Amino acid sequence: MLKLVAGLTLPTSGKICIDGMTPANAREIVSFIFQDATLLPWRTVEDNVGLRLELEHATRERRKEKVASLLELVNLSHAAKSYPRQLSGGMKMRVSIARALSTRPRVLLMDEPFAALDEISRDRLNEEVLRLQQEQNWTALFVTHSVAEAVFLSSRVLIMAPHPGRIAYEFPINLPYPRSAETRQLPAFEEYIAIISKTLRGVQSE
Amino acid sequence: MKRTFYNVLNTGGVLLMLLLLWRALIWALSIPPYMLPTPLAVAQTVIHRFPSLANSFYITALAAASGLLASIFVGTAIALIFAQSRWLRLMFLPYTILLQTVPIVAIAPLIIMWAGAGLFAVTLITFIICLAPIIANTTQGLVSVDENMVNLFLMQNASGAQILWKLRLPHALPSLFTGVRIASGISVIGAITGELFAGSSSIGQGGLGYSITYALAQLQTDYLFALVLAATVLGFMFFFAVMFLEYYFLHNWHESARKTESQ
Chain A
1 MLKLVAGLTL PTSGKICIDG MTPANAREIV SFIFQDATLL PWRTVEDNVG
51 LRLELEHATR ERRKEKVASL LELVNLSHAA KSYPRQLSGG MKMRVSIARA
101 LSTRPRVLLM DEPFAALDEI SRDRLNEEVL RLQQEQNWTA LFVTHSVAEA
151 VFLSSRVLIM APHPGRIAYE FPINLPYPRS AETRQLPAFE EYIAIISKTL
201 RGVQSE
Chain B
207 MKRTFYNVLN TGGVLLMLLL LWRALIWALS IPPYMLPTPL AVAQTVIHRF
257 PSLANSFYIT ALAAASGLLA SIFVGTAIAL IFAQSRWLRL MFLPYTILLQ
307 TVPIVAIAPL IIMWAGAGLF AVTLITFIIC LAPIIANTTQ GLVSVDENMV
357 NLFLMQNASG AQILWKLRLP HALPSLFTGV RIASGISVIG AITGELFAGS
407 SSIGQGGLGY SITYALAQLQ TDYLFALVLA ATVLGFMFFF AVMFLEYYFL
457 HNWHESARKT ESQ
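Protein sequence lines correspond, in order, to chains A and B.
The C-terminal residue of the first sequence carries number 206 in the numbering used here, and the numbering is unbroken.
The C-terminal residue of the second sequence carries number 469 in the numbering used here, and the numbering is unbroken.
Note that these hints are calculated values from the structure, not bench results.
On a predicted model such as this, the values are computed, not experimentally measured, just so you know.
Incorrect hints may have been included.
What the simulated footprint calls covered on chain B by chain A, stretch by stretch (three residues with Cβ under 8 Å from a Cβ of chain A suffice, anywhere in the stretch; the number is not a length) [to be verified]: (1) 280 to 290; (2) 338 to 350; (3) 447 to 460.
Here are the simulated BS3-like pairs of lysine-lysine, each with C-alpha atoms no more than 30 Å apart in a straight line [unchecked claim]: (4) Lys208/B with Lys64/A; (5) Lys3/A with Lys66/A; (6) Lys208/B with Lys3/A.
Incomplete in silico selection of chain A near chain B, CB under 7 Å [as the list claims (entries may be wrong)]: (7) Thr9; (8) Phe32; (9) Arg52; (10) Ala80; (11) Lys81; (12) Trp138; (13) Phe142.
Every residue, glycine too, gets a C-beta built ideally from N, C-alpha and C.
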């Protein structure tokens, strides 16, 4: 589904509209964050973050300036000269996020970006994603298998059902922003997880 | 530091023992010098005939290096073409295997008949046997790029040239080096094989391969040994030159080069 929105796959029928544009035209305001960090191993962290600006033929000075501020944003300024192999999984993902944000997107497509991480790094990155969202105010379409992650991050949770693939249910999440680690302790948070998990089981046994 | 010292000592010790065994065999079986010269005789020949030895060495090194370089350029170019389409690969890749399986000894006389004896024919023979591993490995490296990495570039509306230069080529570099490492070993073999047939040059003296046939015919067994020694040194030099380049270009980021670093 994310590939359809990104214009990487063509729909068999129907139309996709992003802010009134077709996916191919909307690429300038859309960024994709893949399941793996997809960093280029032969580039340092800063050159990886600057990749998209480089492809846009941004000047060297502008690139340097933007990369520095992006690395600061994801707290990786100290690792600017490192190569991806020297980073942990969570750090790689933060580099990937910085790269995605480098073109000032209005829509972020995130394909299970934290699925391969341990729970602690995952929770911390979730909090960081929310912080970045508050600061930059983009919209994210976030695919995940973790109900807790979905509830924590989202204002709307859509549940998809198989055969044929479709959106079966929608849950608005009315937890107050800004959310933090304490949000996970709220009774309402637990309730959302319980309801959504139950619905999810129902969808799968259909 | 201490460990390297002991390593050198051990390796040196083995060499010394082999040389002693060699000398002892000649003494025990009273082998005549034209069958097997003593290590000392070989060493003396290396010193006495050093100029002609060095000249042969240079001629062979030149042919092997030119053939190898040509095969790297042409092989990479062919791999770039192959990387463009699956159909091209299916149609032509089997023929590169043919290139590898045809015994070079069998077609070398043909090549000499067409190209004329001399440095060019030898370079051509080297080029032909070096080509296959480079094409095969580089093509593999170019096409094995992670799909999402390509998607990343496509999302940015990157041009085909940008995807090639900034993604596919750097990604293929480790594979290219694997190909070059294999080719560097066989380039010396190829050059010497070529010279066995085509090495007689008008300059007065041929490369190592030619000199080997000449020394054999003259029963100059000590010089033959010196030539074999020179060929071995040449092979080592090529191998280490490629190892060094591989380390230089890859040690920052690639696993294979990093392992040699930590050992």
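The hints, checked one at a time:
Coverage of the region 280 to 290 of chain B by chain A is violated in this model, with 0 residues showing a Cβ closer than 8 Å to a Cβ of that chain against a need of three. Judged by the Cβ-Cβ criterion of 8 Å, the region 338 to 350 of chain B is not covered by chain A as claimed, because only 0 of its residues qualify and three are needed. Evaluation of the coverage hint for the region 447 to 460 of chain B: fulfilled, as 3 residues show C-beta separations to chain A shorter than 8 Å, against a requirement of three. Between the alpha carbons of Lys208/B and Lys64/A the distance comes to roughly 46 Å, so the proposed pair goes past 30 Å and is violated.
For the hint pairing Lys3/A with Lys66/A, the CA-to-CA distance comes to about 27 Å; that is within 30 Å, so the pair holds. A hinted pair counts as satisfied when its Cα atoms are at most 30 Å apart, and Lys208/B with Lys3/A does not qualify at roughly 58 Å. Look at Thr9/A: its Cβ only gets to about 10 Å from chain B, farther than 7 Å, so that hint breaks. Annotation: interface hint on Phe32/A holds; nearest CB of chain B at approximately 5 Å, less than 7 Å.
With a least beta-carbon distance of about 5 Å to chain B, the hint placing Arg52/A at the interface is held under the 7 Å criterion. For Ala80/A, the interface hint is violated, the least distance from its beta-carbon to any beta-carbon of chain B being 14 Å, above 7 Å. Hint status for Lys81/A relative to chain B: violated, with the closest Cβ pair at about 10 Å, above 7 Å. Checking Trp138/A against chain B: minimum C-beta separation of about 15 Å lies over 7 Å; hint violated.
The interface hint given for Phe142/A is violated, since its Cβ lies 17 Å from the closest Cβ of chain B, which is over the 7 Å cut-off.
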